[in-house]
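Enquirer: Quick note, the sequences are listed as chains Y and P, same order. The numbering of the first sequence is the working numbering, which starts it at 1 and goes up by one. The numbering of the second sequence is the working numbering, which starts it at 1 and goes up by one.
It cannot be assumed that every hint is accurate.
As the list makes no split between identical chains, a pair holds if one copy fits it or if it spans any two.
[Unchecked claim] Listed next, the in silico EDC-like pairs over lysine to aspartate or glutamate satisfying Cα-Cα at most 20 angstroms (straight line):
(1) LYS52 - ASP294
(2) LYS159 - ASP137
(3) LYS150 - ASP193
These aren't lab readings, by the way, just hints derived from the structure by calculation. Remember, it's a predicted structure, so these values are computed and weren't measured experimentally.
Chain by chain, the residues:
Number of protein chains: 2
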Amino acid sequence: MAGFKGCRKIGGSQIRNLLKAKDVFLFDCDGVIWHGEKAITGAPKVVSTLLKQGKNVFFVTNNCTKLRENYVKKFYRLGFTDVMQDHIFSSSYCLALYLRDVAKVQGKVFVIGGDGVRSELHKAGIPFVGDEDDTPDATIFNCGLASDVKAVLVGHDDKFTFLKLAKASCYLRDPDCLFLATDADPWHPLQNDRILPGSGCLTAALEVASGRKATVIGKPSPFMFQCISSQFRVDPAQCLMVGDRLETDMLFGTHCGLDTMLTLTGVSQMKTAQEYKESDHSINHSCVPDYVVDTIADFLPAFEED
Amino acid sequence: MAGFKGCRKIGGSQIRNLLKAKDVFLFDCDGVIWHGEKAITGAPKVVSTLLKQGKNVFFVTNNCTKLRENYVKKFYRLGFTDVMQDHIFSSSYCLALYLRDVAKVQGKVFVIGGDGVRSELHKAGIPFVGDEDDTPDATIFNCGLASDVKAVLVGHDDKFTFLKLAKASCYLRDPDCLFLATDADPWHPLQNDRILPGSGCLTAALEVASGRKATVIGKPSPFMFQCISSQFRVDPAQCLMVGDRLETDMLFGTHCGLDTMLTLTGVSQMKTAQEYKESDHSINHSCVPDYVVDTIADFLPAFEED
Chain Y
1 MAGFKGCRKI GGSQIRNLLK AKDVFLFDCD GVIWHGEKAI TGAPKVVSTL
51 LKQGKNVFFV TNNCTKLREN YVKKFYRLGF TDVMQDHIFS SSYCLALYLR
101 DVAKVQGKVF VIGGDGVRSE LHKAGIPFVG DEDDTPDATI FNCGLASDVK
151 AVLVGHDDKF TFLKLAKASC YLRDPDCLFL ATDADPWHPL QNDRILPGSG
201 CLTAALEVAS GRKATVIGKP SPFMFQCISS QFRVDPAQCL MVGDRLETDM
251 LFGTHCGLDT MLTLTGVSQM KTAQEYKESD HSINHSCVPD YVVDTIADFL
301 PAFEED
Chain P
1 MAGFKGCRKI GGSQIRNLLK AKDVFLFDCD GVIWHGEKAI TGAPKVVSTL
51 LKQGKNVFFV TNNCTKLREN YVKKFYRLGF TDVMQDHIFS SSYCLALYLR
101 DVAKVQGKVF VIGGDGVRSE LHKAGIPFVG DEDDTPDATI FNCGLASDVK
151 AVLVGHDDKF TFLKLAKASC YLRDPDCLFL ATDADPWHPL QNDRILPGSG
201 CLTAALEVAS GRKATVIGKP SPFMFQCISS QFRVDPAQCL MVGDRLETDM
251 LFGTHCGLDT MLTLTGVSQM KTAQEYKESD HSINHSCVPD YVVDTIADFL
301 PAFEED
């Protein structure tokens with residue numbers, strides 16, 4: 001319950017009891033089971049052991065840059081040899097489902113985003129446009145605008161330009177044009193103390209330009225869990241959400257009524273979790289994890305003692 | 001006083017009395033004295049008459065895209081033949097003053113912005129870098145970052161890219177690196193129902209990426225008025241701020257203790273001003289103008305009756 005989450009560092013038999021008690025494990029990917037192209041030590045073993053024990057294992061990622069097929073390949077490449085495509089829920093896949101099945105969009109989608117988003121839209125049969133028709137000297141003063149754009153979609157886009165922002169702003173002048181974002185992640189850590197701006201930056205720019213708020217599909221919005229539960233039998237009480245970011249993963253778990261576990265292999269650290277716990281603002285309490293482990297590799301001894 | 005501003009539509013003798021009572025006139029430019037490359041009808045006559053009467057006339061614009069010399073040329077081109085450079089206070093000019101005289105920045109400035117900003121920095125003797133050294137295939141994973149960057153500056157930039165955003169985000173990881181913005185304007189109207197995203201969009205993106213708030217130099221921040229009063233003798237009680245945007249021009253006037261006048265030739269309309277006046281949120285009251293006119297050309301009959 002918000003405000004009473006434990007933020008409890010656990011190990012040994014406590015982990016064993018928790019793993020026994022849960023049937024469904026939701027893992028964030030980057031920072032939890034891998035860092036870029038390197039698996040977290042022990043993570044492939046954790047996933048395969050859970051699967052062998054008959055647990056349901058899902059992957060819920062705000063990363064919108066890959067098609068689900070390509071996630072399967074990445075899992076395999078990094079040593080996770082038993083992950084199935086149907087168990088991967090990326091923000092771009094869920095966004096395509098939202099447009100097709102919830103919003104039932106009738107018209108084109110203007111895309112700010114890369115191949116992952118475009119491929120998922122294509123697979124879902126949703127027509128989309130981007131900036132492919134613009135000449136190199138196109139500006140918002142002279143460029144063409146597509147007719148029949150009924151949604152603007154923002155995801156990670158390392159080819160983001162001022163013109164894309166301007167075109168999207170113009171489409172959003174139509175109050176019937178939907179405004180959707182894969183996620184609101186502010187940034188992602190890179191090596192050498194650099195950071196990669198997240199989709200949340202591009203969404204914020206467009207929110208200011210349009211005076212509107214985007215509907216966010218990824219965590220912490222509960223829609224990704226709704227996608228899972230519409231396809232699989234999952235009881236929230238039987239689920240453990242494991243992630244590395246308090247403001248997305250833990251908040252997502254709280255929103256969906258799941259127990260939550262923070263691993264310290266990614267963005268958020270124990271100090272911040274405790275500050276949130278002791279905060280006077282109840283909104284922060286929803287970001288506090290129930291449990292904390294150093295790494296999901298801490299699951300391994302619990303399996304061995306079994 | 002906030003909460004008691006009149007929002008009073010005035011004409012005839014009321015305008016004459018107001019013009020007599022004030023010695024200093026601050027005009028926003030776009031939407032007040034011109035629309036793009038077209039002067040508001042009567043505006044050149046208004047300005048030249050005020051000057052002939054010995055009034056002080058200043059121009060305070062959040063538009064950072066031009067050097068002050070080029071504003072003088074634009075004024076001349078549009079029929080304002082007696083405007084002097086020293087009376088033009090653009091956000092890029094004031095930003096250069098801020099960096100040189102207030103922040104006394106020791107090091108380079110990373111610029112997101114166009115020629116106007118760069119030229120003002122150059123004239124103020126402030127070294128700056130942008131993305132000029134990046135190869136076409138540069139990404140945040142492989143690009144160079146300049147050493148000794150002590151400030152990041154965001155202004156209007158129609159060549160804004162994801163890489164600029166990413167580089168600026170990395171520089172701002174250093175808490176000693178200043179974060180400045182010319183203005184927070186969300187958008188500007190164009191013809192054909194299009195809009196141009198304002199600097200405020202780019203600033204918002206960088207605020208999300210950095211987790212920091214920018215210091216805004218332009219209206220509604222009072223710094224532009226401080227620039228004027230450090231160079232000229234101006235008594236706030238003798239000033240009238242004339243603008244077309246409630247959230248920038250009117251709020252700026254209120255912040256600086258000036259009487260304010262909204263003209264209806266630009267972005268904001270009477271309905272919104274009245275909604276702000278009747279709002280329960282006192283913050284909105286600071287955006288309410290003291291006076292409202294259809295256009296500054298309404299000053300002309302007051303001159304004639306003199």
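Enquirer: Taking the earlier hints as the rules, which of them does this structure contradict?
Expert: 1
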